[in-house]
Amino acid sequence: MIRVLTRNISRAPGAVWIDAYEANGGYDALKKAVSMAPDDVIKIVKDSRLRGRGGAGFPTGLKWSSVLPLEGSARPRYIACNFDEMEPGTFKDRFLVDGDPHQLVEGMIIAGWSCRADMGYIFIRDEYKITRQILKRAIAEAENKGLLGENILDSGWSYRIFVHASAGRYMAGEETGLINALEGRPAMPRSKPPYPGTSGLWGKPTVVNNVETLSCIPHIVQHGAEWFASLGKAKDAGTKIYGISGNVSRPGCWELPMGSTLHELLDLAGGMRDGFKFRAALPGGASTMFMDALQLDIPLDYDALKDAALMLGTGTAIIVDDRACPVGLLANLAMFYARESCGWCTPCREGLPWVEKLLRAIDDGDGRAGDIELLLDLIKNIGPNTYCALAAGASFPIESGIKMFKSDFEEHIAQGKCPYR
Amino acid sequence: MTKGACRRDFMLTVEECAEIKEELIHSPTPRAACVDALKVVQRHRGWIDDEALGDVAELLGMSSAELDGVATFYNLIFRQPVGEHVILVCDSISCWLVGSESVLSALERRLGIKAGETTADGKFTLLLTVCLGHCDIAPVMMLDGEIIGNLTQEKIDDALKRALSSPVDAENVGEDE
Ligand SMILES: Cc1cc2nc3c(=O)[nH]c(=O)nc-3n(C[C@H](O)[C@H](O)[C@H](O)COP(=O)(O)O)c2cc1C
Ligand code: SF4
Ligand code: FES
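Protein chains in written order, with my numbering: chain C, 1 to 421; chain P, 1 to 177.
Note that these hints are calculated values from the structure, not bench results. Incorrect hints may appear among the rest.
[To be verified] Incomplete in silico selection of chain P near chain C, CB under 7 Å:
1) 35
2) 94
3) 131
[Stated by the list, open to error] Per the computed footprint, the stretches of chain P lying under chain C, defined by three or more beta-carbons under 8 Å from a beta-carbon of chain C, are:
4) 67-75
5) 138-151
We put the CB at the ideal spot given by N, CA and C, even for glycine.
Please take these sequences and the hints and turn them into a complete structure.
Below, the structure written as structure tokens:
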């Protein structure tokens, strides 16, 4: 089994702290990075073909190289680590940091060096209280060793990392919503351009990256772009922390080569729980399209899924079993998005509650002929006409779900009740 | 707890003001500390009433309306009274698939209230919340800041009993320093 991001994760006492981390080669990559020109580090990241693990899959090297050059730039410049992880069905970043906090800290320091940042913020959801304490201790350990703070490793460069806890809102994980949240504002999105790399936190150049993305960085710097690129099974590079939840025997996270399949993941999870059969899955958190049993062997990577009109999202799969009512399931999803919409755009603010209401009505046996068409029509207009990706993220599972489970919808409407109850 | 008000015209205590000022020292701008400041008050009072909100706004140099806009935007800042213990039950997809609805009805039965309500003795408030990021141990709830997963009827009863017999752990509910 391949272990890159999870190589230090064990139950051994002290495994998460700096002595164990350094004993296993930790912070060697940082030492290597600060001996190189920042642009050369960015080149390695670019060549590695690493893509952002927060859901959108944006090439990390490209993001870093598009940050405003230092000359003439406003200061301080920032790295913001997105540790909001409020996408339903997603828990991989917590798994990574609980098991190896220094990997993220090192990745963030290298990101800071590469993008010539002065400060880093880890924006973490409030509910991860233990994780937050682990991170704070790891940061203090790195500071005590001169790996963080003033004049890091005698490079003349200073950089500090702060942990900032959210107060709970899905939109705070959206790139520019996160920036507003860090500034102490409601997590509404900002219009782009300007992109955060030009004008982010307090108007200064800012790079926002996901926890898993940043955790890949030390390995890429240490072992090279080619090595990282070759880890993937299909087209995309690296390994991936895949996860699985729902009625499977052992829900959890596993590190596999990028491009592994849901089939493999299901096997690792011990298959379905007794009495449940696989019916469908959302492969990458709530905001992705449904796949069915015939699609279990599609490589779970950005390109292969895109070719199949699917999405990798966060790579943590939600398994739908044969005993779950698909109409109730979609109503549950719609409720989440309707509740968490920030209300800025009319289609999202008004469309999502309407979709939820229609789905609930069908689930309660009050569906009418034409509701399915009405729903599809509504959904079609919610995604594309909005300010941020929340609405599109809502439309993916709901639209694909209505199509995939159409016969269930028809049955509900024809029988005037939910056949699963 | 220091009981006196920190300013003659304030309802916030000396201790609350001191903790908020501590947050301000570490903050690049006063506004950036506003959520932390609200959490300080919430840790002491359980929720944030208009008067406390006004005091915090003044300490941070914000208008009450601006601060209220932030407070009401975030799910974990309470602008309504809550009981001594707050239970947040996850009702998102992974928990729903493995039975969050029966977890909720078990809690409602035990406490004799519906989601969104507080028990008559003021001990418990029961709220619904979105995915808690622990879908691997679904169904999940958070009680006074502690995540409790793989919920069964026994685990729920246990957790309620434990909450009743122990004072709220401010350490866990609030900041960690
Ligand atoms: C509503 C919404 C919520 C999001 N939540 C998160 C999150 O919790 N964590 C995350 O890394 N990205 C999240 N994203 C994606 C971010 O906008 C952004 O693409 C990502 O943090 C960039 O990092 P990456 O390039 O390393 O993936 C969210 C996007 C949207 C639209
Ligand atoms: S799409 Fe929805 S969540 Fe995003 S900005 Fe518009 S209203 Fe807000
Ligand atoms: S869906 Fe309940 S913890 Fe994620």
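For each hint, the structure was consulted:
no., hint, in the structure
1, 35, "holds, 5 Å"
2, 94, "holds, 4 Å"
3, 131, "holds, 4 Å"
4, 67-75, "holds (count 5)"
5, 138-151, "holds (count 4)"
Hint check: no violations occur; every hint is consistent with the structure.
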